[in-house]
Amino acid sequence: MSQSLRPYLQCVRSSLTAALSLSNFASQASERHNVPEIEAQSSPEVLLNPLTVARNENEKVFIEPSVNSVRVSIRIKQADEIENILVHKFTRFLTQRAESFFILRRKPVKRKGYDISFLITNTHTEEMLKHKLVDFIIQFMEEVDKEISEMKLFMWARRYFGTTSCNEINAAMWFRRRPRISSPRH
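Numbering (the numbering used here) for the sequence shown: 1073 to 1258.
Note that these hints are calculated values from the structure, not bench results. Nothing here was measured: the structure is a model prediction, and the numbers come from that model. We put the CB at the ideal spot given by N, CA and C, even for glycine. Honestly, I wouldn't trust all of these hints.
[What the hints assert, rightly or not] Keeping only pairs whose Cα atoms sit at most 20 Å apart, straight-line, the calculated DMTMM-like set for lysine to aspartate or glutamate is: (1) K1218 - D1207; (2) K1132 - E1155; (3) K1149 - D1217; (4) K1132 - E1214; (5) K1218 - E1111; (6) K1132 - E1215; (7) K1224 - E1131; (8) K1218 - E1153; (9) K1149 - E1215; (10) K1149 - E1222; (11) K1184 - E1131; (12) K1161 - E1215; (13) K1184 - E1153; (14) K1149 - E1214; (15) K1149 - E1129; (16) K1182 - E1131; (17) K1182 - E1155; (18) K1132 - D1217; (19) K1182 - E1111; (20) K1218 - E1131; (21) K1224 - E1153; (22) K1161 - D1217.
[Unchecked claim] What follows is a list of derived Cβ distance ranges for each label pair: (23) F1173 - L1225: 23 to 31 Å; (24) E1129 - R1078: 16 to 24 Å; (25) N1106 - E1215: 27 to 35 Å; (26) N1239 - E1129: 35 to 43 Å; (27) S1237 - F1174: 39 to 47 Å; (28) R1169 - F1226: 35 to 43 Å; (29) E1240 - T1124: 45 to 53 Å; (30) S1086 - K1182: 23 to 31 Å; (31) S1237 - Q1113: 50 to 58 Å; (32) D1152 - E1214: 15 to 23 Å; (33) Y1232 - H1105: 52 to 60 Å; (34) E1129 - F1226: 43 to 51 Å; (35) E1222 - G1185: 22 to 30 Å.
All chains, please: the whole structure from these sequences, using the hints.
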């Protein structure tokens, strides 16, 4: 992990740990149901103040806590158009397999330009260890940056290899087709 990333991830870790103080809370709108209040947003008194932790304009985390659930939205660093495409493909791949990740949402919060979102409810914190959930999100943030960088490097290497191969083929074909220059016959 780079030294510039460490304070950002530490701030996200402490903010998530504080936001994950969840309790079982029955819905005020529907009887005998326990819905994530951050998703339903039926009672404004059970929604807490949202928090944005930003490393820069292109890399930030939006934490929306409520009494019984927390929605964590992550904007992944995208420096250029290639990284934008790679992040879109990577997050689409993950969201199609949202059933395997218990806390992953199928749709991220798009109104603010976030790439991927997690929904953690009080049942998740009861069934799983709270610090392990925080560790998972922090590790996800570290690994997704590495994965996007590796995919970009691999793509550039393939492009370079393809370009040099095509140039070698073109050069070989050009030398074979080159017309012979002969002296005029008398």
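- Task: Starting from the hint list further up, note which numbers the structure goes against and sort them upward.
- Result: Those not satisfied are hints 5, 28, 34.
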